[in-house]
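**Student:** Taking the hints into account, I'd like the entire structure generated from these sequences.
2 protein chains.
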Amino acid sequence: METSEATAGATRGGRGARERILRAAVELFTSDGIHATGVAKLADVAHVSTRTLYQHFPSKEALIGAYLQRIESDGAILGETVLDRRDLGARERLLRLFAERPTSPPSAKVVRGCPMHNAAVESAGTLPEASAAVERHKREFAARLVETAAEAGAPRPEVLGRQLAVLFEGARALATSLNDMGPLQDAEGLAKTLIEGATGPA
Amino acid sequence: METSEATAGATRGGRGARERILRAAVELFTSDGIHATGVAKLADVAHVSTRTLYQHFPSKEALIGAYLQRIESDGAILGETVLDRRDLGARERLLRLFAERPTSPPSAKVVRGCPMHNAAVESAGTLPEASAAVERHKREFAARLVETAAEAGAPRPEVLGRQLAVLFEGARALATSLNDMGPLQDAEGLAKTLIEGATGPA
Chain A
17 METSEATAGA TRGGRGARER ILRAAVELFT SDGIHATGVA KLADVAHVST
67 RTLYQHFPSK EALIGAYLQR IESDGAILGE TVLDRRDLGA RERLLRLFAE
117 RPTSPPSAKV VRGCPMHNAA VESAGTLPEA SAAVERHKRE FAARLVETAA
167 EAGAPRPEVL GRQLAVLFEG ARALATSLND MGPLQDAEGL AKTLIEGATG
217 PA
Chain B
17 METSEATAGA TRGGRGARER ILRAAVELFT SDGIHATGVA KLADVAHVST
67 RTLYQHFPSK EALIGAYLQR IESDGAILGE TVLDRRDLGA RERLLRLFAE
117 RPTSPPSAKV VRGCPMHNAA VESAGTLPEA SAAVERHKRE FAARLVETAA
167 EAGAPRPEVL GRQLAVLFEG ARALATSLND MGPLQDAEGL AKTLIEGATG
217 PA
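Quick note, the sequences are listed as chains A and B, same order.
Under the working numbering, the first residue of the first sequence carries the number 17, and numbering increases by one thereafter.
Under the working numbering, the first residue of the second sequence carries the number 17, and numbering increases by one thereafter.
Simulated from the structure, these hints should not be mistaken for lab results.
Quick caveat, the model's predicted, so the values are computed rather than measured.
Errors might be hidden in some of the hints.
Note: identical chains are not told apart, hence a pair may lie in one copy or across any two.
[Unchecked claim] List time: in silico EDC-like cross-link candidates among lysine to aspartate or glutamate, alpha-carbon distance up to 16 Å: (1) 76 to 212; (2) 208 to 116; (3) 57 to 88; (4) 125 to 204; (5) 125 to 43; (6) 125 to 151; (7) 125 to 103; (8) 76 to 145; (9) 76 to 60; (10) 125 to 145; (11) 125 to 167; (12) 125 to 196.
**Tutor:** Okay, structure coming up:
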């Protein structure tokens with residue numbers, strides 16, 4: 017169906033509809049999961065019709081893609097933005113990264129860990145674009161840890177960076193499995209030992 | 017509907033039906049995920065009718081519960097059975113645990129990590145029995161790591177055991193996110209450093 021520019025805004029649920037749909041996706045996908053969240057529920061929470069939703073995102077896959085982009089650009093959800101802070105030295109950025117305690121989405125019933133990892137688990141290879149987005153993000157994150165380890169003067173930055181990537185993922189994944197934030201503390205302790213061992217104490 | 021003992025076998029798809037359903041669940045849930053696998057597909061792969069499936073497992077939740085029990089009793093899938101080997105010393109058991117390379121299920125399109133963790137991710141608190149089973153398993157596993165660390169003579173077995181639990185989970189979780197077994201190698205290297213640092217070299 018073709019609409020004029022003037023009516024398009026109305027049929028698409030107003031200028032804020034796309035943003036509301038994306039926010040609903042962030043809320044529901046992070047807290048309840050991707051498969052468990054139907055398009056009807058997303059439309060309901062976003063206060064749009066499913067028809068409007070499909071006008072903005074032609075498929076659920078398209079919305080999942082936009083959701084992962086939003087999570088990545090809104091670094092707060094992933095708890096990785098401390099690596100961008102140019103006011104901190106490299107060693108301090110690595111230490112602070114592990115001192116972060118990611119907050120679960122308000123509507124989550126349980127500890128939800130990393131939403132990008134969770135998307136890879138749910139995809140299981142059947143959502144190739146989502147799997148590729150997660151893989152790229154995690155590779156870039158590990159590469160940044162290696163760079164930061166090098167900047168901090170670690171003698172083997174490749175090894176330290178990759179080990180820290182495993183620790184960071186493990187803290188969030190085990191917090192999910194246990195529904196308990198304890199593993200974040202355990203990972204922080206080990207990360208501190210490794211970072212200080214490689215770059216000297218504060 | 018009531019059936020006599022004699023006809024029950026036939027209506028339930030023969031004596032092997034329950035086992036075939038459970039094996040189908042192990043194959044499909046581990047490779048494709050829990051939500052993505054419908055009861056019709058499970059029945060198809062198990063060569064039973066959906067009616068027969070529901071005679072053995074009154075709900076998908078019941079089947080998920082039996083699936084998690086099976087995974088736990090068949091330690092091979094989790095790659096944790098080396099902790100049971102009484103022919104190996106405690107230090108060697110810890111080292112071997114991280115030398116294991118879990119094999120993905122034959123039908124998996126991608127690296128699938130730990131099926132118990134994956135079930136916790138998919139549950140997101142909406143499958144309380146599954147979440148509880150994963151939580152209990154992971155707590156027991158961490159407790160065994162602490163005990164084994166103590167037996168190996170680690171001066172702070174609580175700390176080492178919990179750190180190894182984070183590393184073990186992180187290796188599998190990051191392998192899933194990256195669709196790459198590399199993190200298993202990284203975790204093995206760090207685990208070796210930690211275990212030998214706490215208990216002395218071989």
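**Student:** When no copy is named, should residue 125 and residue 145 be tagged within, between, both, or neither for a Cα gap of at most 16 Å?
**Tutor:** between (27 Å within a copy, 14 Å between copies)
**Student:** Given a CA cutoff of 16 Å, do residue 125 and residue 43 count as a within-copy pair, a between-copy pair, both, or neither?
**Tutor:** Within one copy only: 12 Å inside a chain, 28 Å across chains, cut-off 16 Å.
**Student:** Tell me, please, which holds for residue 125 and residue 196 at an alpha-carbon limit of 16 Å: within, between, both or neither?
**Tutor:** Within one copy, since 12 Å is at most 16 Å while 30 Å is not.
**Student:** Using 16 Å as the alpha-carbon threshold, which applies to residue 125 and residue 103: within, between, both, or neither?
**Tutor:** Answer is neither: 36 Å inside a copy and 43 Å across each miss the 16 Å cutoff.
**Student:** For residue 125 and residue 151, with the copy left unspecified, which applies at a CA distance of at most 16 Å: within, between, both, or neither?
**Tutor:** between (27 Å within a copy, 15 Å between copies)
**Student:** If the cut is 16 Å between Cα atoms, do residue 125 and residue 167 qualify within a copy, between copies, both or neither?
**Tutor:** Neither: 40 Å inside a copy, 37 Å across copies.
**Student:** Given a CA cutoff of 16 Å, do residue 76 and residue 145 count as a within-copy pair, a between-copy pair, both, or neither?
**Tutor:** within (12 Å within a copy, 29 Å between copies)
**Student:** Can you tell me if residue 76 and residue 60 fall within 16 Å by alpha carbon in one copy, between copies, both or neither?
**Tutor:** Within. Shortest intra-copy distance 15 Å satisfies the 16 Å Cα cut-off; inter-copy 27 Å does not.
**Student:** Using 16 Å as the alpha-carbon threshold, which applies to residue 208 and residue 116: within, between, both, or neither?
**Tutor:** within (13 Å within a copy, 27 Å between copies)
**Student:** Between copies, within a copy, both or neither: which fits residue 57 and residue 88 at Cα up to 16 Å?
**Tutor:** neither (23 Å within a copy, 34 Å between copies)
**Student:** Have a look at residue 125 and residue 204 and pick one of within, between, both or neither, based on CA distance no larger than 16 Å.
**Tutor:** neither (25 Å within a copy, 33 Å between copies)
**Student:** Have a look at residue 76 and residue 212 and pick one of within, between, both or neither, based on CA distance no larger than 16 Å.
**Tutor:** neither (45 Å within a copy, 49 Å between copies)
Checked against the numbered hints listed earlier, the structure breaks hints 1, 3, 4, 7 and 11; every other hint is satisfied.
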